[in-house]
Amino acid sequence: MHVDVFDPTALASALERLSPSYHGVATVALDHTRVRAAIDDLVARGVHVVTLVSDAPSSRRAHYVGVDNPAAGRTAASLMGRFLGGRKGKVGVIVGSMSLRDHAERHFGFYQVLSGEYPDLVALRRARGATTANRIGR
Amino acid sequence: MLGEHSDLIGLYNAGAGNEGIAGALEASGRAQDIVWIAHELTADTRRFLLGGVVDAIINQIPGTKPAPRPESCLPLLRRIDQSRSGAHPHRNLSQRQFAVSCAAVQLKALASIAQLTAPTRPDLRTFRDTHRRRSVSQEKLRRMPKGTDKETARNSDSVAASMAR
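Sequence lines, in order, name chains B and C. For reference, each letter of the first sequence is one residue, going 1 to 138 in the working numbering. For reference, each letter of the second sequence is one residue, going 1 to 165 in the working numbering.
FYI, nobody ran anything at the bench for these hints, they're computed from the structure. A couple of the hints might just be wrong.
Stated by the list, open to error - In silico lysine to aspartate or glutamate, DMTMM-like type, Cα no more than 25 Å apart, as pairs:
{"no.": "1", "chain 1": "B", "residue 1": "Lys-90", "chain 2": "C", "residue 2": "Glu-40"}
{"no.": "2", "chain 1": "B", "residue 1": "Lys-88", "chain 2": "C", "residue 2": "Asp-33"}
{"no.": "3", "chain 1": "B", "residue 1": "Lys-90", "chain 2": "C", "residue 2": "Glu-19"}
{"no.": "4", "chain 1": "B", "residue 1": "Lys-88", "chain 2": "C", "residue 2": "Asp-7"}
{"no.": "5", "chain 1": "B", "residue 1": "Lys-88", "chain 2": "B", "residue 2": "Asp-120"}
{"no.": "6", "chain 1": "B", "residue 1": "Lys-90", "chain 2": "C", "residue 2": "Glu-26"}
{"no.": "7", "chain 1": "B", "residue 1": "Lys-90", "chain 2": "C", "residue 2": "Glu-4"}
{"no.": "8", "chain 1": "B", "residue 1": "Lys-88", "chain 2": "C", "residue 2": "Glu-26"}
{"no.": "9", "chain 1": "B", "residue 1": "Lys-88", "chain 2": "C", "residue 2": "Glu-4"}
{"no.": "10", "chain 1": "B", "residue 1": "Lys-90", "chain 2": "C", "residue 2": "Asp-7"}
{"no.": "11", "chain 1": "B", "residue 1": "Lys-90", "chain 2": "C", "residue 2": "Asp-33"}
Generate the whole structure from the sequences, applying the supplied hints.
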């Protein structure tokens with residue numbers, strides 16, 4: 001089942017409309033009130049829910065399957081600092097959606113290491129949505 | 001972003017949409033100057049990696065076994081550093097690009113990427129030449145896994161790092 005990954009209403013509706021015949025659901029979760037409520041409703045009626053790639057930790061989902069995203073962001077910042085090897089300048093940061101916890105956590109980890117360990121590199125305020133060339137090119 | 005910040009030297013994309021970014025970077029003529037780090041090794045990002053547009057891809061490969069301890073990356077990192085410093089310039093790492101992974105199972109696949117970059121290209125300079133400005137001391141590389149990648153490695157998150165360009 002495909003749902004727009006950036007649309008919490010669409011994802012919540014899809015979860016709410018799921019056939020009662022399902023015993024388990026795996027979803028790339030948006031960490032959004034409506035999505036959390038839809039997950040909790042599924043769990044309340046006995047459906048086992050796991051989140052994939054992007055988590056909603058305060059929901060009642062059974063497990064999250066995916067990488068440690070803050071660590072991935074820290075790794076990215078560490079590589080950035082090393083590759084730039086002492087240069088000074090600005091670093092752009094792009095996320096799809098801060099409701100997607102994997103993006104938000106990578107963003108957090110990236111800033112944590114870049115600001116803490118590479119003071120010569122200034123991270124710009126995050127830019128949202130890089131699905132087209134326009135935003136980046138401007 | 002590129003137009004507003006002429007002094008932009010790095011770009012990190014925590015999300016998707018790498019095709020759009022690659023297009024924008026190439027259109028701006030700054031693809032080879034800006035260090036760009038992104039996520040997910042796909043057919044597209046692999047091509048960007050090999051072309052030197054993207055400099056590192058942080059990959060997640062579901063289904064792989066837990067990665068070995070981060071310390072197991074040290075021999076590879078030391079070899080990279082030796083290659084940079086010219087101690088072993090003719091090892092496999094003297095190519096234009098190479099890949100690093102903390103998960104042994106992924107190392108093989110990524111090593112094959114490195115080998116793919118080996119064929120001669122007219123503009124191919126030695127690894128040492130192309131990376132002089134980005135040289136990283138051995139001491140710094142020793143520090144690399146500490147505190148940065150432990151959780152990443154534990155989660156089988158691999159780092160495909162192409163020290164491109």
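Hints, verified against the model:
1. For the given pair, B/Lys-90 sits about 24 Å from C/Glu-40 by alpha-carbon distance, which is consistent with the 25 Å threshold.
2. With a C-alpha separation of about 13 Å, the suggested pair B/Lys-88 and C/Asp-33 falls inside the 25 Å cut-off, and the hint holds.
3. This hinted pair checks out: B/Lys-90 and C/Glu-19 have alpha carbons roughly 22 Å apart, not beyond 25 Å.
4. Simply put, B/Lys-88 and C/Asp-7 have alpha-carbon atoms about 9 Å apart, close enough for the 25 Å limit, and the pair holds.
5. Using a Cα cut-off of 25 Å, the hinted pair B/Lys-88 and B/Asp-120 holds, with the two alpha carbons roughly 5 Å apart.
6. Note on B/Lys-90 and C/Glu-26: the hinted pairing holds, with a Cα-Cα distance of about 19 Å set against a maximum of 25 Å.
7. In summary, the hint linking B/Lys-90 to C/Glu-4 is supported, as the alpha carbons are separated by about 11 Å, within the 25 Å threshold.
8. With a CA separation close to 22 Å, the supplied pair B/Lys-88 and C/Glu-26 stays within the 25 Å bound.
9. Of the pairs offered as hints, the one joining B/Lys-88 and C/Glu-4 holds, with about 17 Å between alpha carbons and a cut-off of 25 Å not exceeded.
10. Distance hint between B/Lys-90 and C/Asp-7 is fulfilled; the C-alpha atoms sit about 6 Å from each other, no more than 25 Å.
11. Taking the CA atoms of B/Lys-90 and C/Asp-33, the gap is near 13 Å; set against the 25 Å cutoff, the hint holds.
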